[in-house]
Structures are given as C-alpha cells and as structure tokens.
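The listed protein sequences derive, respectively, from chains A and B.
Mapping of the first sequence onto this note's numbering: residues 1 to 214, in sequence order.
Mapping of the second sequence onto this note's numbering: residues 1001 to 1214, in sequence order.
Treat the hints as calculated values from the structure; they're not laboratory data.
Careful: at least some of the hints might be erroneous.
[Unchecked claim] Taking lysine to aspartate or glutamate and the DMTMM-like style, the derived pairs with C-alpha atoms no more than 25 Å apart in a straight line are: (1) A/Lys90 - A/Glu139; (2) B/Lys1090 - B/Asp1159; (3) A/Lys199 - B/Glu1157; (4) A/Lys200 - B/Glu1162; (5) B/Lys1103 - A/Asp143.
[Stated by the list, open to error] Now the in silico label distances, taken between C-beta atoms and shown as ranges: (6) B/Gly1024 - A/Ala145: 44 to 50 Å; (7) A/Glu43 - B/Asn1198: 40 to 46 Å; (8) B/Glu1139 - A/Asn198: 31 to 37 Å; (9) A/Arg174 - B/Gly1214: 31 to 37 Å; (10) A/Asn198 - B/Glu1147: 35 to 41 Å; (11) A/Val104 - B/Ala1111: 22 to 28 Å; (12) A/Gly214 - B/Ser1138: 34 to 40 Å; (13) B/His1048 - A/Glu65: 54 to 60 Å; (14) B/Lys1100 - A/Lys199: 18 to 24 Å; (15) B/His1048 - A/Lys158: 28 to 34 Å; (16) B/Pro1102 - A/Ala121: 22 to 28 Å; (17) A/Gly49 - B/Arg1011: 36 to 42 Å; (18) B/Ser1138 - A/Glu65: 40 to 46 Å; (19) B/His1146 - A/Gly49: 46 to 52 Å.
Note that beta-carbon positions come from the ideal geometry of N, C-alpha and C, so glycine has one too.
Number of protein chains: 2
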Amino acid sequence: MRIGLVGGTGREGTGLALRWARAGHEVFVGSRDSERGVAKAAELAAEHGITLSGGDNLGACAHGEVVIVTVPYSAHAPTFASIREAVTGKVVVDITVPLKPPKVRSVQLPAGSAAALESQAILGDGATVVAALHHISSEHLGDPAHEFDCDVLLCGEKDARETVAKLIEDLGLRAIEAGTLENAVALESMTPVLLFINKKYGATAGLRITGMPG
Amino acid sequence: MRIGLVGGTGREGTGLALRWARAGHEVFVGSRDSERGVAKAAELAAEHGITLSGGDNLGACAHGEVVIVTVPYSAHAPTFASIREAVTGKVVVDITVPLKPPKVRSVQLPAGSAAALESQAILGDGATVVAALHHISSEHLGDPAHEFDCDVLLCGEKDARETVAKLIEDLGLRAIEAGTLENAVALESMTPVLLFINKKYGATAGLRITGMPG
C-alpha cells in the first residue's frame, strides 16, 4: 500500500516508516522542509537496506492512499488545515495525543474533546480520520528487533478502520477496533495515564486487551 | 476495614460486598430502601457463610471508613447530593461510568467531563473521591471462584488512592495507580471502548497494563 507520513521525520514517524517499508509498503517520508524529508528517507534506506522516498508534507499526501499525521499537538490544527485539500478522499490516521506540558501525566481535554475529532472537523467530509497508535513507544517502533507486548486500539468509521487495522498488523502489533471516532477521547486520554504509571512504577507501560476469544 | 456500599444491592455492589466480606472486612450493604439493604446482607450471609450488615444508604455512609458508591449514572448526582453530609472526612470511591443509553459503546462525555469529577464537585472539600473499578465485570465479581485476568486502574488524591488500592487487592485484583482525579476521564471513557470490543469480537474484554517492572 502507498503510505504517506506527514511530519514523518520525527521519532515516531521514522519508526513507522522503517517498519512499513520493511513490510513491503511504499512509504513516503514527509516534512515541512522538503530537504529534510528527502534526507531522512535516504538515511533510513541506507541504514536498513530498504526502499522509500521523501519530500514535503503535501508530497506525502499526494503519495499516500493512507496518510499518517504525526505531529505534536501544538502543530496539530495548522498541520491539518494545511493538508485539507491534499487528502480529499483519503484515509487519514491521526496519532496525536493532546498533551499540554508540563502536566503531561494528567488528562487535559482539548476544546474539541479529542484531537482526532478536531482533525475530522478541520478536514470536513472530504477525508476519513482514524485515530490510532497513541500508546506505542517511538523507541520500540524504531527498533525492528523489538517485539511488542501491547495492543493498538483504533477508532473511526468502519471501512477506514479496517484498512488501518491491517496496516497496524504489518507493524508487528495486534490491532483491536475500538468503535467510532468519538472513542478517540478514551484512546487519547489513556496516554497521560500510561505516562503516570511509567513515572510512578518505573514502567514502560502498555495496554493489552484481555478476554478476547481464543 | 469498615466499608459502606451505597447502592449496594445491585449486581456490582453485591459482588464487592461478597469479596470484601470474605477477605475479612466489615461490610455494610446500603440501599435507598433500608429493608432491601438488610435483606440483601442476610441473603449474602446465608448463601456464602459470611458476616455482613445492611440498611439504608446513610447507614452505609455512617458505617464506612471507606464508602463505595455504585449507582447508574442516571442516579449519580442525586445520590451524591443525598450523602454529602454523611461522608465528611471519608474516602468515597466512585465506580460510575457515565453511559448514556442507547449509545453505550460510544464515549459521551458528561457535562463535568467525568462522573468522578462531578461527584467531587458535589461533595466539595469534605470528602475525597477516588475513581476505580470501571472495567470489571459484575458477574466476575459475584463469582468468588473467578480469577481475574485484568487490572484495576484507580485515580484520585495520593493517600486516598493508596487506601483504595489495598482494598482492591483484597478483591483478588491487581491495583495500578493512575494519577489524579482528572484521569477519571480516561478510565470512565474506556468502558464504552470495552463494550464495543465485547460486541464486535464476542469478547469479555478487560484491560491489562504491560511493561510493569518485574
């Protein structure tokens, strides 16, 4: 599948690019700065012996059948506004957690209740937002030898959710569908909880769903 | 410890009463209707060979060092208003999930963002609310032979949280502290997600935190 990463030169983006390229997908690493996108793609290709391309964020949108947006919450609204026209008809995966430093271990709901509800409102009916990957360590994503001991919950409209669920399995993670986009409130707000647990217990906390049918 | 259950004659309340009484705590089953509280306590005592008492909800508040409120969200605000004076100085555990039928598998935030934030606002500074036990099946609680394959996340002020964590371990569950009461948003809103997973996958979904230190 053709996957475009908006804001793809960060730690989370590069881990996703690496794992999806290794799984055989056609990955494009986008950045605000086209040269940084090209350079990051070349660096990953050389380091890991994989094939992928890079450029600016609009290039990532043009390339991707599925577009992944991985930016800090402070850049969330302007980034979605800037790609609005470029993602028409596409599935857009929002992995943003609306953390507000310095209180990153307490839930602070954004104005729209969830970042993913805000991005869907910005994009309008032209694109379909799926929220996913809020609880996965970028360090673990970037280490292809790491085997995950946690699940990915994802929510959004059914068809788009199923498309993204398959891509998540290709990262080496179990994908569990978690309902409509309203449920992004739950997924996003579990991240401060996991950050609290990490600090209190010295953990690298993840979520696992138990009680799934054998 | 002396534990008072407000709304304790429902399925969740009776499961908690049973397990805590078996663990040696002094349990009082409260109900709006005093006779129902007395009858439920007598029924549990006879059926399971345990000792516990019953009566009305204010009796449960008077009895408990820790007071557990287990009512549907529709009764949440009036119940907390009715016990306000009776729980002064106590730890109050709110296990309410603000589900709004019929859409119980989608997050619908209450006006105060979380039921537990609403109950703390109703009680004021006189009592300390801890939010917990949102993800545990009442059927499993009520079956003393059932061994849980999930964790209990709980949040609130630190000392109160630690008190409640010990009680939760006495139910046969692992308690994991999850931060301040603001994080009740995450805990409460995970319940619609688990209900969605139950329906979609035919699961009896629970949450397990992975990555805890050995």
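Going down the list of hints, with the structure as the test:
1. A/Lys90 - A/Glu139: Given pair A/Lys90, A/Glu139 is violated - Cα atoms ~28 Å apart, limit 25 Å.
2. B/Lys1090 - B/Asp1159: holds, 12 Å
3. A/Lys199 - B/Glu1157: Holds, at about 16 Å.
4. A/Lys200 - B/Glu1162: Judged against 25 Å, a Cα distance of about 12 Å means the pair holds.
5. B/Lys1103 - A/Asp143: violated, 40 Å
6. B/Gly1024 - A/Ala145: 44 to 50 Å: 48 Å Cβ-Cβ, so the 44 to 50 Å window holds.
7. A/Glu43 - B/Asn1198: 40 to 46 Å: holds, 44 Å
8. B/Glu1139 - A/Asn198: 31 to 37 Å: With Cβ atoms ~32 Å apart, the hint holds.
9. A/Arg174 - B/Gly1214: 31 to 37 Å: The hinted range 31 to 37 Å is violated for A/Arg174 and B/Gly1214, with Cβ atoms some 23 Å apart.
10. A/Asn198 - B/Glu1147: 35 to 41 Å: violated, 27 Å
11. A/Val104 - B/Ala1111: 22 to 28 Å: holds, 25 Å
12. A/Gly214 - B/Ser1138: 34 to 40 Å: violated, 23 Å
13. B/His1048 - A/Glu65: 54 to 60 Å: holds, 58 Å
14. B/Lys1100 - A/Lys199: 18 to 24 Å: violated, 33 Å
15. B/His1048 - A/Lys158: 28 to 34 Å: violated, 45 Å
16. B/Pro1102 - A/Ala121: 22 to 28 Å: holds, 25 Å
17. A/Gly49 - B/Arg1011: 36 to 42 Å: violated, 57 Å
18. B/Ser1138 - A/Glu65: 40 to 46 Å: holds, 44 Å
19. B/His1146 - A/Gly49: 46 to 52 Å: For A/Gly49 against B/His1146, whose Cβ atoms are near 50 Å apart, the range 46 to 52 Å holds.
In summary, the structure is inconsistent with hints 1, 5, 9, 10, 12, 14, 15, 17 from the numbered list given earlier, while agreeing with the others.
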